[in-house]
Amino acid sequence: MEVRDLNFTYPDGTLALEDVSMDVHAGEIVAIIGPNGAGKTTLLLHLNGTLRGNGVVKICGRRVEEYDVKELVKKVGLVFQDPDDQLFMPTLYDDIAFGPINLGLDEQEVRRRVEEVLSEFRLFEYRDKCPHHLSYGERKKAALAAVLAMKPEILALDEPTANLDPKSVRELITAIKKINEEGVTVIISTHNLEILPQIADRIYLMNKTVLAEGESDKILADVSLLERAGLL
Amino acid sequence: MHQEIDKYAHNSPLCNLDPRMKVISLMTLIFSVVLLPRLELVSFALLFSIALLFVSRLPLRFALHFLKWPFMFITFFLLIMPFSIEGTPVFSVGNVIATYEGLKYGVLIALRASSAVILALIMIATTKFGTLLKALEKLKVPNALIQILMFSYRYSFTFAQEFDRMRLAARARGFNPKTSMRTLRVLGSMAGMLFVKSYERAERVFWAMRARGYDGSVRMLSELKAGRRDWAFACFIIAFAALLHLVGG
Ligand SMILES: Nc1ncnc2c1ncn2[C@@H]1O[C@H](COP(=O)(O)OP(=O)(O)OP(=O)(O)O)[C@@H](O)[C@H]1O
Ligand SMILES: [Mg+2]
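For the record, the sequence lines run as chains C and Y.
The first sequence begins at 1 in this note's numbering and counts up one residue at a time.
The second sequence begins at 1 in this note's numbering and counts up one residue at a time.
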């Protein structure tokens, strides 16, 4: 994934991204950190073509505009910050099946994938529940499972640890690492600094624009940098 | 907090019936009832609906909770109707006259409507919502309508929660609703806020759907099958619907 000089202004005039450039190589886990309103969500929404700003966003060497919508969706899986935005079907099973069905897979393959992620995330017992009856943490897991069932090459997670208890955070980290070992490139936006050393190969620090880039330890050790970015 | 419509969708004898059969047969019966011309037959149909409600074993309190709004509307209608049709005068209130024809017509409509809403409740409350949608999909109901139902169901809970949160937040800051202009203003701005929030939510939900390959229609897997019991139920209900008209015709 490659982003070059990306600028984006919301219709109401809010400047959200200013000359953002970023590279993520295949197989990496990269974290994007920054204070509230830094534009992390806005940036992730550019990766699958949901928002279109001025600048270049390339996935696997091709600009996102050149992709057909379904092709792009197969490449980039985006897990939204609020699971309520994502889970909309009357049962969890059907919700997870939604993506794979849209990819045009046959019924058997859809069921196989749904059941695989359900057991992977220990959600099997909730398969017939409606999403609004699940706890927030369970919904968060379900939203991730629903995207993984589509087997994307790049997984972008928006604040995956927000509002999760410590155990769920640990489980999530393990799950993300496992996914990464299977060859999926992972991009995580977060302001949970504690998890970063365990998970991120590299960090981009941003606030509208990229302020710093480097290995986790280096960025996290630079307290004055984090303070300047408004994160501490 | 609100009662949930599919709270009893798993412990009614009717819940295991194939939803397609249930929808088709009960809809047939509803149409048959609302078209019935004679009072005796409509009363009989209402009794049948009530009997079916007992068979369905939906708790009465639960049923009344959902039926109270339509019943209020029906009562209101029953009060207005006698005064709005011309015919033989029966009594008068002030200088508006109630007629025998109006009274009869009002009762007829009220009984038809009561029967229809009871049957509709049975159909909806003994079926899980997702299953109901799958049945509608299989019955070739337009996908747009299915999606509307799906989103109303899913997001009514989220909006109710959002509204509760706003109300609590307002109360935590010392707002207590009275009958005053200020209360109205605060409630008005809360409603406005809720509207904006829903609009923004709708946009994000759409983005999230497109991120999973949404192309305008929502397809579902289903494993519906109709067995002998399902056919028997459907035939019984449809036969009853037909019988009402044969006797009446
Ligand atoms: N739909 C919108 N319309 C107008 N402005 C918006 C919209 N969404 C976000 N913004 C603004 O754009 C800026 C960046 O928002 P964004 O949601 O990308 O930040 P973020 O880094 O994800 O923040 P957080 O950590 O709080 O999730 C903010 O100033 C925000 O107010
Ligand atoms: Mg965000």
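Calculated from the structure, these hints are not laboratory results.
You may find that some hints are simply not true.
Derived Cβ-Cβ restraints for the label pairs, each shown as a range [what the hints assert, rightly or not]:
id	chain 1	residue 1	chain 2	residue 2	range
1	Y	H245	C	G104	31 to 37 Å
2	C	D128	Y	Y199	29 to 35 Å
3	C	K70	Y	M190	47 to 53 Å
4	Y	A172	C	A221	36 to 42 Å
5	Y	F31	C	L15	43 to 49 Å
6	C	A221	Y	P177	23 to 29 Å
7	Y	Y199	C	S135	47 to 53 Å
8	C	Y136	Y	T75	41 to 47 Å
Incomplete in silico selection of chain Y near chain C, CB under 7 Å [claimed, not checked]:
id	residue
9	T158
10	R165
11	V205
Just so it is clear, the structure is predicted and the values come from calculations on it, not from any experiment.
All C-beta atoms, glycine included, are put in the ideal place defined by N, C-alpha and C.
Earlier hints that do not hold, by number: Hint check: 1, 3, 5, 6, 7 and 10 fail, others pass.
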